[in-house]
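2 protein chains.
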Amino acid sequence: MARNAIVGQSGGPTSVINASLAGVFQVCQSRGADTVYGMNNGVAGLLEKRVVDLSKSLKSDLEIEMLKRTPSSFLGSCRYKLPDMDKDPATYEKLFAILNELEIEWFFYIGGNDSMDTICKLSDYGKRIGSPIRFMGVPKTIDNDLMVTDHTPGYGSAAKYIAAVMKEIIRDATVYDTKSVTIVEIMGRNAGWLTAAAALARAEDCEGVDMICLPEVAFDVDEFIAKVENLMQEKKAIVVAVSEGIKLADGRYVCELSDDARYVDAFGHKNLTGTARYLSNRVSAALGIKSRSIELSTLQRCAGHMTSRTDITEAYQVGGAAARAAFKGHSGEMIALKRLSDDPYQCTTEAHDVHEVANFEKKVPLEWINQDDMDMMPAFLHYARPLIQAELTPMYINGLPRHIYLEND
Amino acid sequence: MARNAIVGQSGGPTSVINASLAGVFQVCQSRGADTVYGMNNGVAGLLEKRVVDLSKSLKSDLEIEMLKRTPSSFLGSCRYKLPDMDKDPATYEKLFAILNELEIEWFFYIGGNDSMDTICKLSDYGKRIGSPIRFMGVPKTIDNDLMVTDHTPGYGSAAKYIAAVMKEIIRDATVYDTKSVTIVEIMGRNAGWLTAAAALARAEDCEGVDMICLPEVAFDVDEFIAKVENLMQEKKAIVVAVSEGIKLADGRYVCELSDDARYVDAFGHKNLTGTARYLSNRVSAALGIKSRSIELSTLQRCAGHMTSRTDITEAYQVGGAAARAAFKGHSGEMIALKRLSDDPYQCTTEAHDVHEVANFEKKVPLEWINQDDMDMMPAFLHYARPLIQAELTPMYINGLPRHIYLEND
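From first to last, the protein sequence lines stand for chains L and Z.
Under the numbering used here, the residues of the first sequence are numbered 357 to 765, in order.
Under the numbering used here, the residues of the second sequence are numbered 357 to 765, in order.
These are calculated hints, taken from the structure and not from any lab test.
Possibly wrong hints are sitting among the right ones.
Where chains are identical, the list cannot tell them apart; a pair therefore holds if satisfied intra-copy or between any two copies.
No more than 30 Å apart at the CA atoms, straight line, and that leaves these computed lysine-lysine pairs for DSBU-like [to be verified]:
no.	residue 1	residue 2
1	Lys405	Lys535
2	Lys483	Lys694
3	Lys591	Lys603
4	Lys450	Lys535
In this text the structure is predicted, and so the values were computed from the model without any measurement.
Please construct the entire structure, taking both the sequences and the accompanying hints into account.
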């Protein structure tokens, strides 16, 4: 009987999720897995038995290097939530039948909160039925909102991208000798980690953003406008970073105040875009000043052309560590990053029970937020700065970054 | 008496406008200008005598290299249009008095259509009064809409950025196994050059965008929705590139159809944002499909972190060529880029009477547009591909691209 591994990717894309895939793949191969399968579109695809033999796509060191430089899930993704195993055992029976047919011994899932919920449920079910399959979670999310890990792979590159484009937006916004307010909307539904990264823009060559608004702090529109007005006494051009998820004291999202048509997705999540546009319109109307809104949108999670080498390396490491742990017999765990020191930055990996991770959210500590000045405290900068260090140059072919794509059988 | 030069930057930022400044500065210095002044905020600042001695900011080769890597106008910009010299001679008298006081012999202005209008008027007025000052224009605009030049410095880098992020957006948009339409809005009020650059994304590793809509072709919303519906028969995830300036057959901008508040700026230009959002809402409503809009916004004109080395080099060359021409006695001209061949790509510079440039707009030739398929013809790809070649690596310090900033006296 063959001893095979399988790996899937789930949830929103990041620019380093494929480095984790490379780590899982290479360690599984070196530890002697006969075949390393990839799930097309995560567990949703696995349920339809859509899998690929990864060794056919990843044949050379060059292809592994391309994979590390390719943003967004190489295997495709899904937003599939496993049902309760007591209410719907048939789904589990089907999944385990497919895994047994594929002779899977090691199962890896790269993703965020929802994906760790999948690892939780599969390992719990596996225990119940006495399956020998090992289930390991590999953390991934630009949102940096997973528990037990110091930070999540994906966050460093997104933070670097956000800080770099904020510097560029600030240069662009301050070029004229006229009054203007630029409001930049950054991802993060409930946790402000990504928006906080705008604070990294400030340096010898950049004044930095003038305000940072996180979902961790209740937002007041009138107070915001008053602060903008106040800032305009001293500076002509103001640049503000706001999270898409900022909320009023009564719990409503700021973007819900706008008249725009709003959508709720299949999972009941509200579409949160429009926060910056709403605030920009309010500032223009209240202060009679030119105001512009910019949404960083999906660009911030798939900017493979500018990644943090630290992040790429750690994404690879957590993938490799998950494979090593599974081969040692671990199951029902997620690999976390554990920081040993800030300066010099040192970080290692450790395994945690996935029940400590699934369905929890880690927010920005309130003591890292300067609520009066709407800015980040030095503690945040010490935390985040190491994560954006160093670069991994894209492979440019014919003027553009080259990616690797999955050739389905 | 000193023999001095002065240089200004005007209009919207680009990521290579400072390479032209470097070219003007270095050639003026090497040809023996006593002082090279920079205008703060272009002619608007010059009228207030806000000038700097550039040798104080640009003291070393390292600073020149930083300048080439710094996006958005180093000297600041303006959107000032000189009045008619017969109606308002006082403005001209004031400007020439300041230039004479600064002992200016050579005057350079880096910009687009409006800036060439400034060179036109100043050189015409100079001739009228017998001034010995030489006035030269240096082309700059991401829009690529200037006459007589094969292309404009700034376009290549913006095109490279657009093509690279379209590849990333396509990877991000196609990651789920569900139906979706992503509509990306790209700058370009009347000329579709930037939106056309989305066609460069297609390569061995990328299917490319599914439709490209330029302002050169009248747009029909119902026809657009029908084409999307048709495409969805074959593909699950569609990505479309639209110009912010697409218009209906009756001349109205598509974005004017939306209910959003609209602003008209001080020059009577309509604010054109909202085109993609409007179309995305229409597609969702008509087809019941998830649709997302993305505006590349100012990111596309100030992305100093990813520039075309070809573009940076040519931006430097046109600045240097303008200085050489002025020192030879040319005036009232703009330096144009003249393509000698596509493959291998060769390009040189030549001077043109600025009257041929000012206040004209160059559009994408209709024969380069495949109107049925809403795509670009190979002729466009042959034209644009050389302009995005090669890279100039940013100087990363502490994880972020480092820029140089003007220290005012």
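We went through each hint and held it up to the structure:
no. : hint               : in the structure
1   : Lys405 with Lys535 : between (58 Å within a copy, 20 Å between copies)
2   : Lys483 with Lys694 : within (28 Å within a copy, 72 Å between copies)
3   : Lys591 with Lys603 : within (27 Å within a copy, 37 Å between copies)
4   : Lys450 with Lys535 : between (62 Å within a copy, 26 Å between copies)
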